[in-house]
Amino acid sequence: MAPEMLFNLLLKALLQTLQMVAVAGVIGTLIGLPFGVFLATSGRGELFAAPSVNRVVGLVVNAARSTPFIILVVAIIPFTRFITGTSIGTSAAIVPLTIATIPFVARLIEAAIREVDKGLIEAARAMGATPLQIVTKVLLAEAKPGIVLALTMTAVSLVGYSAMVGAVGGGGLGDLGIRYGYQRFMPDVMLAVVVVLIVLVQAVQSAGDALARRFDKKSRKN
Amino acid sequence: MTNALVEESIGARTMVAFEGVTKHFGESRGQAGFTALAGIDYTVPKGAITGIIGRSGAGKSTLIRLVNGLETPSTGKVMVDGVDVGGLDDAGLRRLRRSVGMIFQHFNLLSSRTVADNIALPLEIAGYDRMSILAKVGPLMDLVGLADKAARYPAELSGGQKQRVGIARALATEPSLLLSDEATSALDPETTQSILDLLKTINRDLGLTVLLITHEMEVVKAIATRVAVIDKGLIVEEGRTFDVFTRPNHETTRALLSGLTGTKLPEAIARRLKPVAGAGDRLFVRLNFFGATAEQPLVSRLMSELGSDVNIITGTIDEIAGEPYGSLVVSYAAAPDVVARANHFYAETGLTTEVLGYGA
Chain Z
0 MAPEMLFNLL LKALLQTLQM VAVAGVIGTL IGLPFGVFLA TSGRGELFAA PSVNRVVGLV
60 VNAARSTPFI ILVVAIIPFT RFITGTSIGT SAAIVPLTIA TIPFVARLIE AAIREVDKGL
120 IEAARAMGAT PLQIVTKVLL AEAKPGIVLA LTMTAVSLVG YSAMVGAVGG GGLGDLGIRY
180 GYQRFMPDVM LAVVVVLIVL VQAVQSAGDA LARRFDKKSR KN
Chain G
0 MTNALVEESI GARTMVAFEG VTKHFGESRG QAGFTALAGI DYTVPKGAIT GIIGRSGAGK
60 STLIRLVNGL ETPSTGKVMV DGVDVGGLDD AGLRRLRRSV GMIFQHFNLL SSRTVADNIA
120 LPLEIAGYDR MSILAKVGPL MDLVGLADKA ARYPAELSGG QKQRVGIARA LATEPSLLLS
180 DEATSALDPE TTQSILDLLK TINRDLGLTV LLITHEMEVV KAIATRVAVI DKGLIVEEGR
240 TFDVFTRPNH ETTRALLSGL TGTKLPEAIA RRLKPVAGAG DRLFVRLNFF GATAEQPLVS
300 RLMSELGSDV NIITGTIDEI AGEPYGSLVV SYAAAPDVVA RANHFYAETG LTTEVLGYGA
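These protein sequence lines map, in sequence, to chains Z and G. Its first residue numbered 0, the first sequence is counted upward by one per residue in numbering that gives the first Met the number 0. Its first residue numbered 0, the second sequence is counted upward by one per residue in numbering that gives the first Met the number 0.
Isolated chain G, as found in the complex (with noise of 0.2 Å):
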């Protein structure tokens, strides 16, 4: 293959390339300049769910914005779908917005216009007649489930009713890219979760590809297939969500994940842990189940092999990005020669572990 079919075949499977992308705010009214990105070299897949996650102020905002040119990078340049962001004028710019779809932490639905009424305002805005946005208004309403609802104003539908309207809208014009801007943050778990699953539907049904930012690992874990983590305007961390989420190397990653339920340590047995074994301490070791491991019985065949009591701490089984994983917490005396047994266990089966500390 030429290196022009190579880059073409890539091009292809690419929807964003983010390349060498900085942005600094220049300081004004006394305000400091700060820099949001510091340098981001990242593509977003075609097809796919996609999560950008960090902390608030690690410059996840920024990104997202710099897609449909809502911001502009300082330096270095987005491609979208094979186009120049920064390259456009206006008009090509308007284009190209047209078909990204974008949701919003706080819907920014107009007050003033019903239901169907929001839904048809991008296509009023791309010039559609009247009659094509009445074809296509229905069939949205319906897809996210408001149907019954065309003719209430948003003032009288809940949260997640307001971001079905939301989502609704973002897919008028038929986009390629959905781009989602917190858009479950505002949310109770409950509707957080039907979102996410409307999402997902879009996703498998439309072949849509979606880009999605959030400070919640929740949010990831749900539906995204690839992760990167962004910290002080730098990707840290990224890849497929279940190979980060199972070793996560940099340490903003793993603090984002301590949030995950049934991944915490109680408190009380927390606040004993200390980090050197003393006389007849036992040792805390976190298991983590994944692939092949998680499905043989690994526990009991752990507990004949040391030959000592074993004590389950916590656990859960979970799935992630719809692979099965599960974390177990275990502890057993941290005689060395049961150290040992246990490390020689790991080795052979391939299971990791992480060792959290010793206590009585």
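Bound-form chain Z, shown alone (with noise of 0.2 Å):
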């Protein structure tokens, strides 16, 4: 293939996986991160006990993850048809992205804040802080490092989700990779799209690495 003709393939692909990465990212932690919260603090005898509604989100939380997601991009079509009113193309192809993120994110963010010393929850109450002022001043802070390395592995990973939408047209660079380099039999197209792929995972692992390097005071000596 002509290497320009090669390169605007890539660039297209690419763009539309930043922006299936980027809106589903987006949308999915906003839905996750309350959820991660909950679920963090609604065990028995934690900040917002609710144990059984806690098993419930947990619940569904688990077979949301355990759904391959080649299967939920297909079971949800009615409902990506209903949001975005075609259940084909870049657009669709960000609902089950977003969908997909939800539990991951959540859980992700539940582990992360269950890394908080239990001492600075019971210190914050002590305060006389509310359980709100202990989510946001105390919880959210303290977790910010583990919170940012588990949103830096939700977009590696939604990178890997991406390249299944090809199934629903979405485009993106692991379509691009099936389409032209496995079906039309061109390694070089096959071989382009990994090494962008990989360079690209390589850059968000290392953005976020030092972010959340930069978030963390506690390893930090003199």
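Note that these hints are calculated values from the structure, not bench results. Small disclaimer: the values here were computed from a predicted structure and weren't measured. Just so you know, not all the hints are guaranteed correct.
Stated by the list, open to error - Calculated cross-link-like contacts (lysine to aspartate or glutamate; reagent style DMTMM-like; alpha-carbon spacing at most 20 Å):
1. Z:K117 - G:E70
2. Z:K143 - G:D116
3. Z:K117 - G:E181
4. Z:K216 - G:D147
5. G:K148 - Z:D215
6. Z:K216 - G:E155
7. Z:K217 - G:D116
8. G:K135 - G:E181
9. Z:K217 - G:E155
Join the two chains into one complex using the hints; note that each chain is given alone, in its own frame.
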């Protein structure tokens, strides 16, 4: 394939991937974060103790996470059509990506928040903090490095998931690799796609690591 | 005086009152329930430093957490400055907590905040504006001697410095009561001393009531004017620290006191002691000096009274809650006439003694 043509194909696919990852990541995080906070604080004897609701949310999250992504994409086509008016194309692909992101983010944020020392919650309660203040001023603030790493992991996973939405015409790098590299047997396209993906994931991970390190004041020694 | 007035004057001198307080933890998930507090009646006076001491598991952590409502009693009630903690709604409880500072064994500082921002946290929580927070944080950092560490993070501080931040943070909302939960237990002896000095200064200069729990007699000895000994969820002994330390009644108190320096017999001698006298044995006695007896030349008089040689085994001169105290272990012949003369001397001078045993 002519280099110029390959470049145009790659650029278009990269932008589609970035669009899908960014939109699904942001919306998924906005919805997943409160669920993560809830999961981390609603167990027995915890801040917003509601053990039975916690169990139900936990079950739903597990169910969503154990559904293979490609099945999720197909299964929610009616919902996707309801939201975007279509079931094919990049915008349509964003819907299942977002749905898959929510439970993923929720579990990772839950884990990050559970890492916060329980003593800090007790100290904040002893200061007369409201539960909401404890969440914003203590839990989210202290878990910030962990949350940044969790979101980095989410973005990297989304890059992988986005490769599968070629099945509904979502486009993106993965789709390009399958259609040109595999189905049309053009190994140079396949190789280029893989290289771009590696660079992309590497960049996301490094940026996330650097940001998390900046927020982490725990291990900073003189 | 009418009854109401009597009540009022007692209330005015009492900071915390535990009235028939029990605490049971229910069984859950296969864990058997247990009783942390079995019936506590105790009052903490205003303006003083009061220590509650006990072994781990004695219920002291539960007890101190009742004061600011971090735990609720199963029965009985807890009054703080005349307010029934159990009768408060959520908002009332938060107001109370803002007037009660608390410091912790593991400091519980936010690792993501600088020293200054950690001290500012309770003020932010209480809704102070940025300017008044800044105005308050500076003097607090001066008070605890950390003015140069304002922009540092807790990870960059030593244990003692962290606890100083904890103290400044606890004082930020100008509480009338400070709760100290094993605040020095994670610190080395030297740092412990400096933190205790700081607490003493705060108590004296700010008139702040301090209620501390600890398992270390040294802590109580150094700063608490009153002490309560808690064991198996009950207060088994309480009073002025000096009285409790010099005349302990309960075996738990004695056991806790035995670790204090200078009161322990050298191991080699302790091993040789027997509970009954054999032929030619010597009697080993501990003499306690305090109050008037601490300032008289009693040892030299004892020697001349007994007409027998007196051997000094070990001894200590110390201060308990600011009062001088001496303890001396001596031995002399266990012959009946010598012992009788000695006992007569003790009765006459008011020395308190404790027979430790007999040995060669």
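Tested hints:
1. Z:K117 - G:E70: 15 Å, holds
2. Z:K143 - G:D116: Roughly 16 Å separates the two Cα atoms, so the pair holds.
3. Z:K117 - G:E181: 17 Å, holds
4. Z:K216 - G:D147: 18 Å, holds
5. G:K148 - Z:D215: 18 Å, holds
6. Z:K216 - G:E155: 9 Å, holds
7. Z:K217 - G:D116: Since the Cα atoms of K217 (chain Z) and D116 (chain G) sit roughly 15 Å apart, the hinted pair holds (cutoff 20 Å).
8. G:K135 - G:E181: 26 Å, violated
9. Z:K217 - G:E155: The given pair, whose Cα atoms are some 9 Å apart, holds under the 20 Å limit.
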